[in-house]
Amino acid sequence: MPAITFIHPDGKSDRVETGDGESAMQAATRHGLDGILAECGGNAMCATCHVYVDESWLARLPDMSDDEDALLDGTATERLPNSRLSCQINITPALDGLVLRLPARQV
Amino acid sequence: MSASSSPEINGSAVPHLDVDPFDMKFFADPYPTHELLREAGPVVYLDKWNVYGVARYAEVHAVLNDPATFCSSRGVGLSDFKKEKPWRPPSLILEADPPAHTRTRAVLSKVLSPTVMKQVRDRFAAAAEERVDALLEQRSFDAITDLAEAYPLSIFPDALGLKPEGREHLIPYASLVFNAFGPPNELRQEAIARSAPHQAYVTEQCQRENLAPGGFGACIHAHVDEGAITATEAPLLVRSLLSAGLDTTVNGIGAAVYCLARFPDQWQRLRNDLSLARNAFEEAVRFESPVQTFFRTTTREVELSGATIGEGEKVLMFLAAANRDPRRWDKPDSYDITRRASGHVGFGSGIHMCVGQFVARLEGEVMLTALARRIAKIEISGEPKRRFNNTLRGLDSLPVTITPA
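In order, the protein sequences belong to chains R and E. Under this note's numbering, think of the first position of the first sequence as 97, with each following residue one higher. Under this note's numbering, think of the first position of the second sequence as 53, with each following residue one higher.
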């Protein structure tokens, strides 16, 4: 199974094994990772699973929907060009090794 | 009550249960029946109302997330709109399927988005502080009337842009809407029989000229100018906020206060770390599930966890039972404000997941924060009284006494 890495604001990192067909958000919450809230449970409504994607991976991610684009304007920390919602990143074998940085807060 | 197994329902065994989940005795204590429903099987059949039922988390979640098979346009109550005339013009969002639903949903999502909540946050928080000021004066009060109702009533109608006159219709109207999802029992029939003045108020109040500029209602109407919705659709979308935006948060806040008053250790944890307020509210929504049930109708024959359900069948989803399914939740009957509550179905899931969830969470968070910062103890000082509704679970009265911090 592909594994992905979350880097916390303090620089510590967690490497998380993903399950079959899981999103980055689901993998994070299943492992009890602090820093991903996911209030809406993965329905792309809340913007509380915000991540900053490591620049080298950005182009390899699935395209952003209009809904996700609009929601990113409501994130608790500043939206940056590499901002994404982790519930919208489904982990495929091609994303093995993906690096995501966590914002300081989600609400 | 009993569970008997029918060997053949369309080729698959589905246990038949003779429970009535809309009966007063059930409402008084639904938990043993929820367990019976969950343990009888992944899909059950309720002979009393001739509907299928799902009470385990996995099946409730699956039904919520397959709107093409389990549709909403035939009504999300017992009544099948294909066979029966709806008691009111159907909702354009709740009782709609894609693609029609997609368009109306997008409008309400924008009007009630997390971004908009950032703008109203300070106002909602200030009103919560004012409410606590008043409660500290009273010391002993009814936590339903004076807190769970008074607080949303002090902000939500203004946020919507409603006129000051006639607001006394809001809670009776919402109560009617949620009773009407139920079967034709006394609760539903009486609510509809008395509905005319409430309906007249709501219809009138949803018109553009009756909504103050800048409010949620006016924002919905503004989408007409952009062509997203028509002028005849806008009032019905405003109606959705009047139907589902107030009584739900009253019961949500009521649930949270009832939990925190019953479980003083959790109240202490919250007092020690106010950043837990938002999750304390979220966990109360899981634990009490203010919205207990919704129906869907099958659009085709479908197999669900081994059971075959024919086309045009009503499926009753027990959200509250799913929120305490031990298959999904560790210690499901404990109220734990540090629990990772995300994924509960108290707000639903999928395309129909509560569009006002951010309003509810904001109200819950700022209210619990204000209470916990300034109140040392909340003690239940009289017998709590339950309010009975076919869909909503909550109290009618919760006498409490508070000790200032």
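No lab work stands behind these hints, which were simulated from the structure alone. If you're wondering where the values come from, they're calculated on a predicted model, not measured in any experiment. Glycine residues also receive a C-beta, built at the ideal position from the N, C-alpha and C atoms. Certain hints may be false.
To be verified - Result set (EDC-like, lysine to aspartate or glutamate): computed pairs, CA atoms no more than 20 Å apart in a straight line:
1. E:LYS162 x R:GLU151
2. E:LYS170 x R:ASP165
3. E:LYS162 x R:ASP192
4. E:LYS162 x R:ASP130
5. E:LYS162 x E:GLU238
6. E:LYS162 x R:ASP165
7. E:LYS137 x E:ASP118
8. E:LYS170 x R:GLU174
9. E:LYS429 x E:GLU182
10. E:LYS437 x E:ASP149
11. E:LYS134 x E:ASP388
12. E:LYS170 x R:ASP106
13. E:LYS170 x R:ASP150
14. E:LYS162 x R:ASP106
15. E:LYS170 x R:ASP169
16. E:LYS77 x E:GLU238
17. E:LYS437 x E:GLU182
Stated by the list, open to error - What follows is a list of derived Cβ distance ranges for each label pair:
18. E:ARG426 x R:ASP106: 30 to 40 Å
19. E:ASP317 x R:ARG111: 49 to 59 Å
20. E:ALA245 x R:ARG175: 30 to 40 Å
Do the hints match the structure? See the list:
For a cut-off of 20 Å, the pair hint linking LYS162 of chain E to GLU151 of chain R is broken: about 29 Å separates their Cα positions. Proximity of LYS170 of chain E to ASP165 of chain R is assessed by CA-CA distance (about 17 Å); at most 20 Å being required, the pair is judged to hold. For the hint linking LYS162 of chain E to ASP192 of chain R, the alpha-carbon distance of about 35 Å lies beyond 20 Å, and the restraint is violated. Restraint check for LYS162 of chain E and ASP130 of chain R: not satisfied, since their Cα atoms lie roughly 28 Å apart, outside the 20 Å limit.
Taking the CA atoms of LYS162 of chain E and GLU238 of chain E, the gap is about 38 Å. The hint is violated against a cut of 20 Å. For the suggested pair LYS162 of chain E and ASP165 of chain R, the alpha carbons sit about 12 Å apart, so the restraint of at most 20 Å is met. Our distance criterion of 20 Å between C-alpha atoms is broken by LYS137 of chain E and ASP118 of chain E, whose separation comes to about 25 Å. The suggested pairing of LYS170 of chain E with GLU174 of chain R holds, with an alpha-carbon distance near 13 Å, which does not exceed 20 Å.
Distance check on the hinted pair: LYS429 of chain E and GLU182 of chain E sit about 19 Å apart at the alpha-carbon level, within 20 Å; holds. Between LYS437 of chain E and ASP149 of chain E the alpha-carbon distance is near 38 Å, which puts this suggested pair outside the 20 Å criterion. A C-alpha spacing of about 43 Å is found between LYS134 of chain E and ASP388 of chain E, which places the hinted pair above 20 Å, so the restraint is violated. Between the alpha carbons of LYS170 of chain E and ASP106 of chain R the distance comes to roughly 26 Å, so the proposed pair goes past 20 Å and is violated.
This hinted pair does not check out: LYS170 of chain E and ASP150 of chain R have alpha carbons roughly 27 Å apart, beyond 20 Å. Pair hint LYS162 of chain E plus ASP106 of chain R does not hold up; C-alpha atoms about 34 Å apart against a cutoff of 20 Å. For the proposed pair LYS170 of chain E and ASP169 of chain R, the alpha carbon gap of about 11 Å is at most 20 Å, so the pair holds. Between LYS77 of chain E and GLU238 of chain E the alpha-carbon distance is near 14 Å, which keeps this suggested pair within the 20 Å criterion.
Restraint check: the Cα-Cα separation between LYS437 of chain E and GLU182 of chain E comes to about 26 Å, which exceeds 20 Å; the hinted pair is violated. Between ARG426 of chain E and ASP106 of chain R the beta carbon distance is about 32 Å. The supplied range of 30 to 40 Å therefore holds. Between ASP317 of chain E and ARG111 of chain R, the C-beta spacing of about 35 Å breaks the proposed range 49 to 59 Å. The beta-carbon spacing between ALA245 of chain E and ARG175 of chain R, approximately 52 Å, falls outside the hinted interval of 30 to 40 Å.
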